[in-house]
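Colleague: Residue numbers (the working numbering), protein chains in the order written: chain A, 1 to 308; chain B, 1 to 367; chain C, 1 to 536.
Because the hints were derived from the structure by calculation, they are not lab data.
Every residue, glycine too, gets a C-beta built ideally from N, C-alpha and C.
One should not assume that every hint holds.
As the list claims (entries may be wrong) - Here are the simulated DMTMM-like pairs of lysine to aspartate or glutamate, each with C-alpha atoms no more than 20 Å apart in a straight line:
1. C:Lys361 x C:Asp391
2. C:Lys533 x C:Asp521
3. C:Lys533 x C:Glu502
4. C:Lys464 x C:Glu389
5. B:Lys189 x C:Glu389
6. B:Lys143 x C:Asp98
7. B:Lys182 x C:Asp391
8. B:Lys182 x C:Glu123
9. C:Lys533 x C:Asp350
10. C:Lys464 x C:Asp257
11. C:Lys516 x C:Glu178
12. C:Lys361 x C:Glu377
13. B:Lys182 x C:Asp349
14. A:Lys189 x A:Asp163
15. A:Lys28 x A:Asp183
16. C:Lys464 x C:Asp484
17. A:Lys28 x A:Asp145
18. B:Lys189 x C:Asp391
19. C:Lys516 x C:Asp98
20. C:Lys516 x C:Asp257
21. C:Lys361 x C:Asp350
22. B:Lys182 x C:Asp350
23. B:Lys182 x C:Asp484
24. B:Lys182 x B:Asp10
25. B:Lys189 x C:Glu263
26. B:Lys182 x C:Asp345
As the list claims (entries may be wrong) - Residues from chain B that keep clear of chain A, each with C-beta distances beyond 10 Å, as calculated:
27. Tyr5
28. Leu35
29. Ala49
30. Arg176
31. Lys189
32. Arg223
33. Leu345
34. Val349
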Amino acid sequence: MRSRLIAAAAAVLVTLVAAPAYAIDHSKGRPGFCPTATGVTVVVDFQELGGTTIVRCFPSAARGTGLDALKGAGFQIAGVQRWGEGFICRVENRPSAVEIIPAQGKKNYRELCIDTPPGSAYWSYWHAGNNCPWVYSQWGVKNRDFIPGGFEGWSFSLNRTADTNPWPRIAAVRPGSTTGHCDAPVEPKPTSSNPNEQAPPRPNPPPRAGGDDDPEQPPAADDDPTAPAATSTTLPPPRPRASASPTAGNPALNAAYTGGEGAPDVNDVLREQSGASLLAAWVAGAAVLLLAAAAGWIAWRRNRARQA
Amino acid sequence: MFGTYFLPRDLHPAAWWVWALGLATAASRTTNPWLLGLIIAVACLVVVARRGEAPWALAFRLYLVLAGFIVTMRVVFRVIFGGAEGSTIILRLPEIPLPAWAAGIRLFGAVSAESVLGGFYDGLRLATMVVCLGAANALANPKRLLKAMPAALYEVGTAVTVALSVFPQLAESVQRVRQARKLRGGTGKGVRALRGIVIPVLADALDRSLLLAASMDSRGYGRAGVATTRARAATGALMVVGLLGVCVGVYATLDGSTPRYLATPVLVAGLAVAVAGFRAAGRRVHRSRYRPDRWQLAEVVVAASGVAVAVVMFGTSRVDPTNLNPSLITLSWPLLSWPPLLGVLAGVVPALLAPPPVLATPEEVPA
Amino acid sequence: MITLDHVSFWYRGAGEPVLADVTLTIGEGELVVLAGRTGVGKSTLLGTVNGLVPHFTGGHLAGTVTVDGVSTRSRPPREFAHLVGMVGQDPLAGFVTDTVEDELAYGMEQLGVAPQVMRRRVEETLDLLGIAELRRRPLRTLSGGQQQRVAVGAVLTMHPRVLVLDEPTSALDPTAAEDVLATLARLVHDLGTTVVMAEHRLERVVPFADRFIYLPGDGSVRDGEPAAVLAGMPIAPPIVELGRLAGWSPLPLSVRDARRRAEAIRADLAAAPAPARPAPTSPEPPLLTAERVVVRYGTTVAVRGVDLDLHAGKVVAIMGRNGSGKSSLLWAVQGSGPRQGGTVDVAGDDPGALPSARARKLVGMVPQTAGDLLYLESVEGECAAADRESDATPGTCRFLLDSLAPGVDPDQHPRDLSEGQRLALVLAVQLTAAPPVLLLDEPTRGLDYTAKAALARQVGHLAKRGRAVVVATHDVEFVASVADRVVVLAEGEIVSDGPTAEVLGGSPAFATQVAKIIGPDWLTVSEVDDALKAAR
């Protein structure tokens with residue numbers, strides 16, 4: 001036990017002294033969409049906050065929660081002090097502690113990440129299977145598993161109502177996947193108000209003829225000049241039926257996005273924003289020691305006088 | 001003027017309380033461990049330098065112990081109940097499986113530095129506020145604070161003073177009766193033994209309280225002025241309305257969603273009415289005060305230093321809130337900028353610029 | 001100054017009046033002493049002076065009480081605060097604040113006196129009572145005498161015309177009592193305050209009194225010059241008894257006067273045989289042996305290595321000022337109190353090591369506040385419980401109680417009994433266990449002469465039946481009448497230990513009145529009486 005504690009203390013020291021990580025943790029995840037059905041693609045859309053949308057892939061074959069996906073894709077997040085990472089209040093240090101958000105009903109609002117952010121300015125959490133429309137998640141980020149091959153979406157909702165939260169402006173369509181319709185089952189809603197309730201495990205999707213990986217089939221909306229000409233002897237291929245459920249958005253209308261390669265270092269940003277000085281921290285430490293020493297000396301002198 | 005400024009004396013207790021509340025308010029605005037540690041160090045130094053020798057002054061140590069306990073408990077709770085939120089895992093404890101009905105709770109498991117630090121920062125903030133209040137208790141005589149209450153609240157103050165002296169009396173009574181019980185064989189446990197202690201103690205307490213009441217009555221306590229019933233009803237109504245207004249105004253100020261006309265105007269109006277009520281009630285009382293504590297320059301200096309700390313902290317939270325609540329996104333030393341640091345250091349002023357306390361023994365050891 | 005005009009008073013629900021048609025006038029600047037048995041109405045009479053009776057106590061008051069022309073009927077006691085200052089029996093229970101200075105100022109604050117005047121009066125009172133160095137001390141840390149003086153000072157600052165005191169010296173050792181009484185006398189002489197006080201220990205007070213009021217118990221009062229009233233009182237201090245015995249008329253009131261007249265009786269006694277005094281110890285082995293007993297409370301050492309032997313049939317008195325360790329020693333010997341060192345041995349057992357039910361069968365004790373042991377609702381119930389606790393035959397306690405204090409109604413609530421009866425009840429409860437050693441801690445506090453004489457008789461009986469009895473007390477007269485041996489403690493150590501006559505005889509602090517008047521060989525009036533009878 002003792003050696004474990006020493007190792008833990010050493011690890012803490014090393015981590016504290018080591019060089020700070022970059023904004024996006026480039027050791028985790030990959031930029032861009034996930035190429036295959038393994039893993040999940042995470043989309044972060046800053047909306048009115050300003051900033052380029054970031055799309056990264058979490059290529060893990062194991063199951064994981066939405067939080068695992070977000071962190072595994074390399075994004076740096078902060079949870080509120082009250083709930084920890086159960087409620088995400090900052091992604092890539094946005095909204096930062098210094099920027100003023102024009103939230104409705106609050107003058108000069110700044111997100112301090114102490115308590116749950118208000119309904120007029122928060123990160124909304126979406127998910128979608130491949131080729132599916134974005135669904136506003138009924139579950140918290142730690143309470144549900146991500147859809148393998150699907151998408152996890154984060155979109156900053158500013159001054160919207162419950163029905164008009166903006167979904168991420170990236171279509172939930174993996175490039176190269178051509179099935180064209182949505183396979184993911186609808187997630188059941190939570191049955192109680194217990195924050196620890198977990199979403200029930202998803203049933204395995206039925207095997208599809210031809211499987212998911214059909215890079216050859218282009219999406220239906222595209223005009224395909226190479227479509228086989230209809231001959232008189234063979235029946236024309238069946239027309240795609242307009243399905244009852246809405247389809248995924250049009251990837252051609254995706255907002256501009258990056259893989260997060262060029263994002264600035266979060267720690268530098270923080271330091272700049274706060275105007276902090278390393279010297280100030282050292283001076284604070286020295287001041288604490290000095291005050292403690294002065295208090296000890298005064299107490300000792302008084303004790304001596306009392307005993308005299 | 002400076003000759004008399006530093007003569008040893010006891011300051012008005014309200015000055016120390018304002019100073020301590022200023023520090024506590026400043027502590028409540030930040031979770032930066034540098035600032036909180038500095039506030040604790042400042043409070044300790046001022047207490048050690050300026051406290052008297054009465055028993056309540058020497059109990060400051062207990063507050064420090066309580067503060068340490070708070071911090072330890074917060075960290076321990078994070079370790080036990082929810083420690084894995086962060087990327088830097090420092091300890092891998094075996095997770096204890098719980099039955100299905102407690103599925104959401106996680107016992108032990110991996111412990112991350114971020115969650116431990118989060119618990120530490122949180123606990124440190126509460127601990128700092130406790131230490132500030134303990135400093136106020138150690139520096140200001142609580143009984144003199146009761147004496148300094150406005151004339152309208154005199155009866156309440158007297159009741160509190162008498163009640164405060166009842167408890168040591170009761171404790172002594174219980175001890176005496178318990179010892180006497182042994183003389184009768186200390187029979188049995190349970191209700192009969194309890195009865196054997198409770199009845200003599202209560203009878204004793206009742207007798208003493210009657211004696212005290214007779215004594216206070218004979219010495220003139222409760223001599224009424226010449227107020228009529230109408231005047232008394234009017235002052236009572238004023239005070240109640242004023243206090244209601246203050247309550248409504250405070251609630252409206254703190255809750256952002258209530259209409260603005262309920263906040264500041266009602267608060268100010270309520271305060272004014274309450275003060276008028278107090279004044280009117282105080283005027284009918286014909287009591288004087290023996291050697292009341294006065295507000296002199298030293299009290300103003302002490303109170304102003306506490307207020308300055310709070311003001312600086314409120315001001316810097318507008319300017320650079322990042323450092324006041326260090327982020328746990330990436331694990332690193334919390335950052336600190338100069339304005340809050342210098343603001344907190346302003347709280348040390350009473351250790352240097354307040355008159356020394358009255359001590360029984362001289363400070364210098366005779367040669 | 002004070003006039004009572006046909007005053008009668010009934011407590012609520014009582015058929016008999018406590019005061020029946022009392023008419024009194026007390027002039028300005030007089031020191032008046034009220035005497036009478038316990039429960040006879042002295043406190044009630046004192047209460048009428050400032051209006052506590054009937055405004056605070058309830059009941060029905062007929063007649064008028066006037067103080068400086070103002071009737072108490074029209075105003076509550078607080079309106080008399082500037083005229084009449086009242087000091088109760090227990091000064092600590094009457095303190096409102098924490099420190100001496102604040103307590104002195106409290107009354108003046110209630111009266112609305114100007115701050116400058118308050119400061120001046122506080123300083124004057126501190127000097128007058130000699131408590132100037134105590135000004136910042138917490139009240140709880142003061143000794144009994146100092147507390148009493150602070151209580152007197154707290155009412156003096158209001159400059160009352162009348163000072164009323166209820167048993168001011170009951171809890172004090174002789175020296176402190178002398179101090180307080182001297183202060184009161186000085187007030188009367190220098191400031192012209194009227195002082196009315198009720199006292200049991202008349203021997204201290206009689207020299208100072210200007211007027212004497214005796215309450216026989218039937219509601220009336222006998223009022224007049226001290227010498228005249230004392231001559232007719234059934235209970236009297238030793239000096240008065242001696243005077244009656246020697247036939248001195250008018251009765252001398254102070255020891256000085258008595259000494260001047262004592263020539264004749266001294267000559268008679270020189271020829272008489274010396275009084276027969278029992279030996280302090282007996283040759284048999286002692287019932288209880290205590291060796292090197294040490295009692296500490298934190299850093300304070302209360303008892304330092306005391307050796308004590310108690311023999312059967314002997315009465316030992318332990319004397320010493322307040323705080324000298326008497327109570328601590330008794331508790332340590334009984335076994336229920338802390339004992340950090342030394343051994344106690346009773347017939348081979350150490351009472352401290354035994355469970356308390358068995359220890360009380362070896363050493364029984366009556367503590368200072370006897371009422372702490374009583375918790376049931378009737379005398380009958382207490383006796384039944386005592387029989388159960390001591391595994392004695394039912395009825396033992398009742399029998400003992402009847403022999404100690406006859407005439408106690410078994411259905412009465414123990415708190416309604418008089419001091420003497422309550423003491424007798426507790427004594428009976430402890431004696432039910434039939435311990436061979438009996439310890440009494442300050443039993444004479446609050447007892448009048450009759451009750452004290454009864455107690456002395458009971459103690460004698462107990463000793464004669466083979467018990468060893470220890471009495472810790474201040475009361476020199478009681479010790480002289482009952483003890484065979486006296487042990488004096490100071491600061492936890494034994495200062496002197498010897499036969500009563502030897503220890504009490506030479507020292508002025510412990511001399512009885514008879515010894516002061518006649519000579520160190522004679523301690524009590526009964527000895528003188530026996531010697532004179534034998535000489536004739």
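Colleague: Among the hints numbered above, which are violated by the structure, and what are their numbers in rising order?
Modeller: 3, 4, 8, 9, 10, 12, 15, 19, 23, 24, 25, 28, 29, 33
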